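For chain H, the structure is supplied; the task is to place chains X and Y on it using the hints.
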Amino acid sequence: MIKVTELSKYFTTYKKEPGLAGSFKALFKRKTRIIKAVEKISFAINQGELVGFIGPNGAGKTTTLKVLSGLLHPTSGNVNVLGFNPFDRKPEYLKQISLVMGQKNQLWWDLPAIDTFILHKELYEIPIKQYKQTLKELIDLLDLKNIIYQQVRKMSLGQRMKCELVLALLHSPKILFLDEPTIGLDVVMQKRIRVFLKEYNKKYGATVILTSHYMDDVKEICQRILMIHHGSLQFDGRIAEMIKKYADYKIIIVNFNKPVYRDDLKKIAKVIEFSPLRATLFIKRNKITYAANSILKNFDVDDLDINEPRLEDITREAFEQS
Amino acid sequence: MRLSAINFVKTLKKYLRIYRINIKYALMVDTAYRFSFFLELFVEFGYQAVLILFMQVIFSNIGAIAGWSYYEILFLTGLNILSSNIIVGLFGVYNLWALPERIKNGEIDFVLLKPVNSLFSLALSQPYLTSFISSFTGIILMVYSVNQMHLTLNFINILSGMLMLGIGAIIVFCIMCIFGSLSFVFLNASQLPRLPSSMAFQFKIYPHQIYQGIWKFVLYFILPVIFMGSIPAETMLKGMKFEYLLLGIVLIIVFIFLTFKIWNKMIKYYASASS
Amino acid sequence: MSKYFRILKNQLAAALEWRANLVTLVLFEIIHVTAVLILWTFVFQNRNDINGMTFDQILLYYVLTPFIGIFTSVNISDGLGSDIKDGHLSLNLLEPYKIWLGRLCNAVAVKIYNLLFIAPIYLLVLLIYTLTAQNPLISLQGIFLSLLFIILAFFLHFFLDLALGLTAFWIDDVWAFRHVKDIFFGVFGGQTFPLDFLAQNLKRIFEFLPFKFFYYIPVAYLLGSRTPNMLGNDMLGIFMWTGTFVFISFILWRFGLKRYEAFGN
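Residue numbers (the numbering used here), protein chains in the order written: chain H, 1 to 322; chain X, 323 to 597; chain Y, 598 to 862.
Looking at chain H on its own, in the form it has when it is part of the complex (with noise of 0.2 Å):
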C-alpha cells in the first residue's frame, strides 16, 4: 500500500558568512547550497507492518516521513501511498492517515482535551457513534479516563502525550506516522508508549511508521527496520537480519584491578568505550578466543564478560561502514 520508487528530495540553503559585514553582504547577495536530504530512495510497505526508520539526526528520516505523509513535494521519484499522490493532500487520503510529531503539540493549550477532540471529529466529519466508541476504546487503551477533561497546560508531559495519540487516532487512520514519539519522556512513559503501538497495531491493523534515534523504540515495537544513513537507505529488514549483517563480532566488557593504557587495548581489539579501570571492546567472531586470552594474560583483569552487540553497536557500525 506503500510504493517509493528512486525518491529523492534536495534542499536549497542559503550560506551567510559569519560576523557584521556577513550580515550586509547578505542583504544583497547570498550563497546557495544544495542539500541533498534524500537521494534515490525505495521501498514498499504493506497494511499492517510495524515499520522503524532509523539513522542518527539529520540523516532524512524526518524528510521521508514528511513525504509519505504529504508535506513534502519530492524532487524526482514516485511515491504512491494507498494509491494516492500524497502531495495532492486530497482530502480523501488526508482523512485515512495522521501524523504524530513529538514535543509538537495540537491540542489547545488553554482548553480540556476533549475539545480539541470535539473539533477533530468536525473537521473529519467523524459519524458521532463512531466517534463515541473510538473514544472510549482509546481512552481505555491508554488509561486516561478523567485525564481528558483537564487543560491541557495542566497536564504532564506524558499526558499530554497521549492525548496527542488519542486525537491522532480518533479518525481511525489506515497509517499513523509518528516522529520522534518518545523523545522527552521519562522511562516509564515510553514503554507504555510503545506497548500502545503495538496493541493498537494489533488490534487494528493500522500501519504504524515511526522514526526515532531511540534503539528502543525500535526494538519494542518495529518488525522491520529501515535504516537511513545521509540520505541513502542502507539497510531494509527484519532485525534479526540486520544484525547477522552487521554484527560479525562479539562484545568484550573487561574491568581491571590496575589502570591500564587504551593504545595497548587497541593491539588487541577495536576499543569503543574506555577508561582506565573498564573498556568496552569489539572482537570479531572468530578471533573472541584469542582476543580474551590475550587480555587475560596481559592485564591485571578483575572480570571480563562477552556479549552478543547490542542494536545501538550495530548500527554505530554500520554509519561508519558507509
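In case anyone wonders, no lab produced these hints; they're calculated from the structure.
None of the values given here were measured: they were computed from a predicted structure.
The hints are all genuine.
Computed cross-link-like contacts, DSSO-like style, restricted to lysine-lysine with a CA-CA straight-line distance of at most 27 Å: (1) H/Lys36 <-> X/Lys590; (2) H/Lys136 <-> X/Lys336; (3) H/Lys104 <-> X/Lys426; (4) X/Lys590 <-> H/Lys40; (5) H/Lys15 <-> Y/Lys606; (6) X/Lys587 <-> H/Lys29; (7) H/Lys29 <-> X/Lys590; (8) X/Lys346 <-> H/Lys104; (9) X/Lys583 <-> H/Lys90; (10) H/Lys25 <-> Y/Lys600.
Relative to chain H, chains X and Y alone:
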C-alpha cells in the same frame, strides 16, 4: 473535486459548524483571561479615540471636504471603526497576522494535513472576539451622526450599504490573503501580513472623492479598499450607485480567483522548499 | 567599553537577518507618506492655509513627523517586561554588564538599523522638496537644532520606556502600556495633528506634558516655527523630564529587584 449542489451545502455546513466551535472556544479562552480581555478592549477604544480625534481636529479646521459635511465625515469615521474591526477581528489577529508565527513553529504542518481547506484554516477560522465588542463604538457613532443630521435612513440604503461593506470585506480579505501567502516564501517577514491591512486603514478613512488621477485608478481597481469605508458610507447616506455595485461584483470575482490561485501556488512552493 | 560595542554589533547583525521585514517597514512608510500627500493636496486645492499653516508647512509636518518618530522611538519595554515575567532576567543579572546599558545598546542598534534603511527615503523626499520649492522652510540652523532635540528625545524616550518595562516587576500586562504609550505619544506628541491646530487652553496642557518632545518639538525647530529664543525653556524641560524618568527607573529597579529576588521568579 466535483461540486454538486448537495456537496456544496454539506461542505458549507461543515465549515459553519467548525467556525461555531471556534467561536465557542475563543469565548472560553477569553473569559479565562478576563483582565487581559478588558485591557485589550480598553486599548482598542484608545485607538478609536485617536482616529475620532484626528478626524475631529482636521475637519474642525477645514469645514467640509469633497462635499462631505462634518456629520457625514463623522458617520464615515463610525463606519470605518466598524470595518477596521472586521479586518482586525475576522481576518487579522489570530488568522493572517499570526501566519508567520505559525509557519515558524511548525503548526502549519498539522494544518496542511487536515481535510479542511487551508485558506479557511489559516485565514478565517479563528475570530478575535474583542473586535466584535469594540465595533459597537462605530455603530454608535454612525447612529449619533445620523441623528445630528436629522436624517432617517432609508431601509434599502442601509441594506445596500451593508452589501457594499460585505463586498469590501471580501475584497480586502482577498488582498490580505494574497500578501499573507507570501509568508510561505519570505519566512522571516513577520510584518508582511500587516501591510495590506495597514494600507486599508490609511486609505479607506477618507472620502473616496479625494482620490484623483492615478490614485483613483489604483484605489478603484487595484487596491479597492474604498469599498470598506467611503463607498458603503455614501451608499447608506445617499443610496446605491449602480456603477459601484457592478464594479464591486467584478472585483470580487477577479480577486477571489486570484486569491485561490496565488495561495495554492505559495503553499506548493512551501511544500517544495521547506525542511 | 568594548564589550558594549560588541553587544551592539551582535544586535545589529541579528536585526539584519530580517530582510523581508525591512522591505515591509519601508513600504509602511511609503504608504503613510502617500496617504498624507493625497489628503493635503486635495484639501489645499481650495484654500491657502489652515489655522496659520500653509500647504508646504502641513505637508512637511506630516511627512517629517513619522520620520522624526523613527529617530526618537524606543521599544524595549516589551522585551524587558517579558524577560522579567518569565524569569529570563536572571540570566541577564549573571552577565558581566549593566542591564540598562545592555538595553541601551539594543535600542541604539535597532535605531541604526531603522535609520539605515528608512532615512534614505525621507532624505530623498526632503531633497526633492528643497530643490523644487520656492522658499524652502528648512534652514541649516533648523536642522542643527532639530538634530539636537532628536538625540535628547531619544534618551528621554529610552528612560521612559525603561521605567515602563520595569513596572513588570509588579504588573502582568506591560504590553498594554506600550499601546497606551503609543496612543498618548500620538495624540499628545503631535503625531496625530500639529499641536498648533489646538485651541489656546488645550495647547497649554499639551505644552506642559513631556510628549511634545517626541514629535512636535524637533519638527517645529526644523520647520522654523520654533526659534532659538525658546531654546532655553525647551532644553530645561527635556532635561527635567529625562531626569525624572531616570530617577523613577532607578527607584523601580531598586525595589523591583528586591521583589524579584524574594520571589525567586
